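Protein chains in written order, with our numbering: chain R, 1 to 754; chain G, 755 to 1346; chain B, 1347 to 1515.
Hints in this document: simulated from the structure, not taken from any laboratory.
Given the structure is predicted, the values throughout are model-derived calculations rather than measurements.
There is no bait here: all hints are sound.
Reference excerpt, derived from the structure (chain G facing chain R, CB under 10 Å, subset only):
| id | residue |
| --- | --- |
| 1 | Gly1207 |
| 2 | Leu1212 |
| 3 | Gly1241 |
The calculated lysine-lysine pairs, modelled on PhoX-like cross-linking and capped at a C-alpha distance of 25 Å, are:
| id | chain 1 | residue 1 | chain 2 | residue 2 |
| --- | --- | --- | --- | --- |
| 4 | G | Lys1048 | B | Lys1372 |
| 5 | G | Lys1053 | B | Lys1372 |
| 6 | G | Lys1300 | G | Lys1338 |
| 7 | B | Lys1501 | G | Lys1300 |
| 8 | G | Lys1239 | R | Lys585 |
| 9 | R | Lys191 | R | Lys464 |
| 10 | R | Lys594 | G | Lys1195 |
| 11 | R | Lys594 | B | Lys1421 |
| 12 | R | Lys84 | G | Lys1195 |
| 13 | G | Lys1195 | B | Lys1421 |
| 14 | G | Lys1048 | G | Lys897 |
| 15 | G | Lys1239 | R | Lys84 |
Ideal Cβ placement from N, Cα and C applies to all residues, glycine included.
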Amino acid sequence: MDTITVNGKQIDFLSGETVLAAVQRAGVFIPTLCHDERVTPYASCGVCVVELEGSPRLVRACSTMVAAGQSILTDSPRALATRKAALALLLSDHRGDCRPPCVEACPGKTDCQGYVGLLANGEYMEALTLIKERLPLPASIGRVCPRPCETACRRKLVEEPISIAQLKYHIADHDLRSGAYLPEVATDSGKKVAIIGGGPGGLTAAFFLRKQGHQVDVLDMMPEMGGMLRYGIPEYRLPKKVLAEEIALIAKMGVHMRNNVRLGTDMTLDGLAQTYDAVVIAIGAWKSIGMRIPGENLQGVDGGIDFLRRVHFEKVDLTGKRVAIVGGGNTAMDACRTAVRLNAAHVYTVYRRTKAEMPADAIEIEEAEEEGVIFKYLANPLEILGENGIVKRISLQKMRLGEPDASGRRSPVPIEGDIEIMDVDLVIMAIGQQNDNTGLDGLSLTKRGTIAADETSFRTSIEKIFAIGDATNRGADIAITAIGEARMAAGVIGSFLEGEMLPYRAPVLVKREDLTESDFADREKAARVKMRHRSAKERRSGFSEVNLGYSAEEAKREASRCLECGCLDYFECKLLDYVNRYGVKPVYPGEARKYAVSDEHPYITRNMEKCVLCGLCVRICEEVVGVAALGLVNRGFSTVVAPEMRRPLKETSCISCGMCVSLCPTGALLEKTAQKPVPVREELTKTACNLCEARCGIIMATRGDLHLRNLPVEGGLLCEKGRFAFLNGETSDKQEAPPEWIVRASSGKGSSRT
Amino acid sequence: MRIVIGKGSCGVAAGAGKIEGIFKAEGFETGITGCIGMCYLEPIVEVYDSDVSGNEAKKTYVNVNEKAAREIINSLLGKKNQAGKYGLPEEDAAILAGQKRIALRNCGIINPEKIEEYTARGGYAGLKRSLALAPEAVIEEVKTSGLAGRGGAGFPTWFKWNAAKNSSGEEKYTICNADEGDPGAFMDRAIIEGDPHSVIEGMLIGAYAMGSSHGVVYVRAEYPLAIVRLNIALEQARDAGYLGKNIAGSGFDFDIRVKAGAGAFVCGEETALIASLEGERGMPRLKPPFPAQKGFWQKPSNINNVETYASVPWIFSHSGREFADIAKNSGITGAQATGTKVFALTGKIRKGGLVEVPIGMTVRKVIFDIGGGIKNGKAFKAVQLGGPSGGCVPAELADTVIDYQSLAKTGAIMGSGGMVVMDEDTCMVDVARFFLDFTCKESCGKCTHCRIGTKRMLEILNRIVGGYGEEEDIEILEQLANQVKEGSLCGLGQTAPNPVLTTLRYFKHEYRDHIVNRKCTAKQCKNFICYEIDAKKCKGCGLCKKDCPTAAISGEMKEPHTIKTADCIACRRCKDSCKFNAVKVGDRKWIQ
Amino acid sequence: MKEQRHQSLDFSLIEPYLARKAETAKNEGGLIAILQKAQEAYGYLSTELMEYIAERTSIKPAKILGVATFYSQFKFNPVGRHLIMLCQGTACHVNGSSEIEDAVSSYLGISEGETTEDGLFTLNSVACLGCCSLSPVMMIDGDAYGNLTPRTARKILDTIRTSEGEVEE
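Extracted from the complex, chain R is given alone in its bound form:
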């Protein structure tokens, strides 16, 4: 039998087939965007180029006939360069958001749009499992996260962002009440990993490493697990019970947890490295930073997290005391609101800029104000004055705002001679945290004194030892950042334990950054569904949780506000798949074509800003369906696929078979769904259509109880009924004749039936 050589390996081929078909049959991958076996080769995308020995030019595998003795290189440097150039060029003319801004803004890359959308469709379980693909502590994090997702949420261009975090813990609370999901744990790998630190980062690393089947021991210096979530976040924000329940689930997966063991005294890095196959340092940053002002060492001066921890362990009573908290972040808010609850007479928050520049969450500031905290803006402590070693007064330098600094915030400038002296009993410095490096001997540190960890592999300077979270690199950050790093590190460590360490690579995504209010002017306004919460009066008197949660109806209503920014084709988009498979960078930025989205058709949404002009839709409609409802219009860079005579698609000869959508490699053509649209990984089930005699094969795409789409089988065809009738609930067994075009196309091109 005649053979060809592919990447040095001989393979058989069938006469009359293309290089693409022969190579793919042999199991070697060649990407293509414009080819489909159901239509004639077109060779436009330029992605399937391969090197053919003896040919001066690269050839397109989709349209080159195979011939005996050919020698083909599918991934030669030359072919790769040209393939990558095609992908980079297509990327440059592709407008949209592969992922929504909320997901992109989340350091943990939690799929906000996904779980919000699933929740809107009532899919609690699916929403929860989706969350847990990224985040094992959603009930806790949903309560404490400063929510970069909501800051990024585009709904703010309509009125207010979606309450993403509250929806997240609504889903998680529901789960804790109703069975508590446990992920599947892979079979025992025989590898052992030690995690030092049982905070959000350490617990997350434990969760994901355990899922992979490794034995995981979490070693923590405190009496209980949870780290800063437990010892740095007050009860009224995160009830300990909720945290404990989520930690218990991780333990239930088989993670071993040991408390009261401290690095440097109870164990050493060296020792751990000898006992375990890998070690993750997730010790956080537990030392408060001082201000280096006179009087800092007086009795009655405390650090923010130190104060919060003290409250955890001791019965602190501030009745009648005047308390000044210095700082403007969430820890400062936690401290001042805790002080209120401990019955302090006066609670001041001293911040050197104004409210507008305060890094704390707006809601925290607002609620602190409601609870009676007095904010002293544009003031900076100069000295803490004491008597007999006990704090008595604090002198404040009054400030004004000057020029913006490197961070873009206007920097405070002292007003000469304007000094205020306040009587205080307790000063809490909540201006930042740093590492306690005890027991880290031998590890390379950064200039800031944090652990130096590689940003893509989380490796430290010592073999086998990885580090994540607040203790590393840039220092303290929010919990979800540590969680994100923990998940990525778990992936890297997994590959390390398997023998080849693969660093984490952030995917290349297309993003839109040019949207303004006017782009959403046509959206109906729907105010945020406010979560019920305790009154300020009630709050002041105790540590009960402030927020009271959403009802199922409220949650659904709030989730339904989502604008669905992220591309609905994210999980199927071939362009995105290839771009990331080949590590293509957006190296050719430039003007992209602009078109309005058309969704007038009952089943089909068209977004030509995502079209790669592969022509598959035009060709299947003309060649196979025999309709030509779509055609190419204009030429060159302005070429676009348009319905006949540029009319709305539903007013053309379109027969709504949806074949165009089935062949579209990107999100340019999409099916409408019966539910709120949400991009999720679908479960595919092969079945047969029973709406006519043809009994065409169908792939049913579902998620949970959602029936999302009916698709033709690979290489097959479906008519309007098979494709869309389920949307109207049509299911009965029918003895009708199939449409003429299905009969014609099936007989001409082999069977499309199962």
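Take the given structure of chain R and dock chains G and B to it, following the hints.
For chains G and B alone, coordinates are given in the frame of chain R:
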């Protein structure tokens, strides 16, 4: 006495119609002819006079305006006149001497609307000779001649004919590509307008050799006059029995239809041309199958361009050997191709027009000996060959021999024959940008590399000439250019980067000047220049001030004026309006 | 012709040609010629006109629009009384055609491809008029004007506009 007026499109554009009218109004009979190639001298009027012994003498008048026409009429009437002032200067007469006119052999000499003038000069003799030969012998003769595709690619003509001949099938098509797309070339039009029968005869000979009985000429829609003259010629050829059934009693049947293109450069690519002939979008098709196997309507088809077909009759009325020896007989050695090539000599050249020279002549000879050198005494910088698919040959390579291989070595191509001369005032980055703008608009839009790649290249070039270029742009541009060449399916995309790559090769310093020094050496790019008034020359007439659209000019009457650079938009109106040549172009100052 | 320009629903002008060619157009590649005839008759191709051609030729409407929009010759909006074709050939470019374009479009207040509000002028760029030795060149209603400067270009348009004004008064 005969009066012949040059009425090619160039002559018509220069006002030949009006001149013709003047002669007719005075009762003179006038004849017409096509383009003689000296377009810069149009309108041209020729007066043929027979002396007592019947010998015809010709007087040529050039740049004939209304006044000149009157003077010529006076001279014809024997009145006192100054017609002599308009006679063809000797220097210009010499232009023809350096040429070897084969494809253009009748252009500007015969009346294209009269078949008898064509036959009187040996027309259709080549056809008759070829019909007496076996088809194989015809192809052999073409092979001997070494004739290669004059559309630009230079593919051996005999090979294509032979492939079509050997393709099985009753129905075969002989197609003439007259979709001359290079925006600086017009020889195909001149040939059809000036000597349509030469194309018809060439197609006939090819069709006979290939066994084809259907001919199609695909003409650019922008050439209405060519279509008219071609249709007249076809009608006359049918009447004379050169088209139709049993041509010249040989048993060979052949006829030709004319199809007008509709404005798409890519249709010069043969598979796109076929798509267009079939009434489709002119998008190139996959090769193989090649047109010789499956072309027009999936039938074997042969496509040559106008100049190629027009050269064929000469080969048969003379011989293939003679055609092959043209260079040798013109004293040229070392040419790696045979015959002649027509060039449209334009740009900053003194004597622009159509010239036909033996292949093997140097670029320098064409520009300086035939074209008379650079206009206005400026310095020669480069010559662009092959239009949007070609590249530029810098002055230092002016001794490059004109043949397919030697030109390819410089990065340029022979192309269809556009030869645009550039002088010191031409900005080479702007030239590259100009061509990319063209190819970007003309890309059919099918291949990713061409559709988006040319757009991105154009954006980078626009940035550079606009003053926003960055140093890495040169590298990105070069790398992208190579990818567009590599990844495009048809000739348009594969060659579109050539103007960029050759300018990058020879004039990278000009790119750098724009990007690094924020300067356009040629003082062409608007964002890099400003206008200044030479106080010594300015008479304070105020004309420029009146014309300035941004009120950037100030000054008292009769006092030297000044231009406020910040307000100047470099529209050049002041320079145009100044009667004292007091407005100069300066470098715009930049704040980095 | 001018009178018919806006009556896009009256197809009689193209009828005689369609009567001869419509049936064979699909199989003989006659679509472009039909579109050319239609544009010659009506000045531009309206949607209705293209749909009528689709009906008569049995060529799919999407195909007709695809072909028509591929070629630069076809116009989809009414054209002004005077058609200015500005040569963008290489020779014209190196001899300053961009300055002519600036002058013409600022004088008329329109860009390439547009028609003045009074319907007097339509400005089109063309690849090459083939009068390279006269560059820069423009052609107005079939007459070529060569060796242009921004000043002479404006003057030419001025003359045409003035003469139009006189006719109307």
